[in-house]
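Trainee: Sequence:
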Amino acid sequence: MLAIFIFGGDNLRGFMFALLIGIGFGAYSSIFIASAIAYDFLKTGKEEEVHGKSSSDKELLATK
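Numbering (my numbering), first residue to last: 82 to 145.
Take the hints with a grain of salt, since some may be wrong.
To be verified - If you anchor each label on the Cβ, the simulated ranges turn out as follows:
1) Ala99 <-> Thr125: 26 to 32 Å
2) Tyr120 <-> Ala84: 43 to 49 Å
3) Ile112 <-> Ala84: 21 to 27 Å
4) Ala117 <-> Ile87: 17 to 23 Å
5) Ala108 <-> Ile87: 18 to 24 Å
6) Ala108 <-> Phe88: 20 to 26 Å
7) Ile87 <-> Tyr109: 36 to 42 Å
8) Ile87 <-> Asp121: 37 to 43 Å
9) Phe113 <-> Leu83: 33 to 39 Å
10) Leu93 <-> Thr125: 44 to 50 Å
11) Ser116 <-> Arg94: 41 to 47 Å
12) Ala115 <-> Gly90: 31 to 37 Å
13) Phe98 <-> Lys124: 35 to 41 Å
Hints in this document: simulated from the structure, not taken from any laboratory. All values reported here derive from a predicted model rather than from experimental measurement. By construction, the Cβ of each residue, glycine as well, lies at the ideal position given by its N, Cα and C atoms.
Using the sequences and the accompanying hints, generate a full structural model.
Mentor: Listed below in structure tokens is the structure:
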């Protein structure tokens, strides 16, 4: 797309610029926003596994 933007005619230049901007925003969204959401989902899943209640923890809570 960059090659078409640079070497294309004047008629294509505006359209290719809009597509390049769209690719830039899409990449930003995928890298920075979606990865942060995925990190939050994965982090909460690991905390439940690591800090999950075992049977001995349940027994301790029942005696209190």
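Trainee: If a hint holds in the structure, say so; if it does not, say that too.
Mentor: For each hint, the structure was consulted:
no.: 1; hint: Ala99 <-> Thr125: 26 to 32 Å; in the structure: violated (38 Å)
no.: 2; hint: Tyr120 <-> Ala84: 43 to 49 Å; in the structure: violated (35 Å)
no.: 3; hint: Ile112 <-> Ala84: 21 to 27 Å; in the structure: holds (23 Å)
no.: 4; hint: Ala117 <-> Ile87: 17 to 23 Å; in the structure: violated (34 Å)
no.: 5; hint: Ala108 <-> Ile87: 18 to 24 Å; in the structure: holds (19 Å)
no.: 6; hint: Ala108 <-> Phe88: 20 to 26 Å; in the structure: holds (23 Å)
no.: 7; hint: Ile87 <-> Tyr109: 36 to 42 Å; in the structure: violated (22 Å)
no.: 8; hint: Ile87 <-> Asp121: 37 to 43 Å; in the structure: holds (40 Å)
no.: 9; hint: Phe113 <-> Leu83: 33 to 39 Å; in the structure: violated (22 Å)
no.: 10; hint: Leu93 <-> Thr125: 44 to 50 Å; in the structure: holds (46 Å)
no.: 11; hint: Ser116 <-> Arg94: 41 to 47 Å; in the structure: violated (32 Å)
no.: 12; hint: Ala115 <-> Gly90: 31 to 37 Å; in the structure: holds (36 Å)
no.: 13; hint: Phe98 <-> Lys124: 35 to 41 Å; in the structure: holds (38 Å)
Checked against the numbered hints above, the structure breaks hints 1, 2, 4, 7, 9 and 11 and satisfies the rest.
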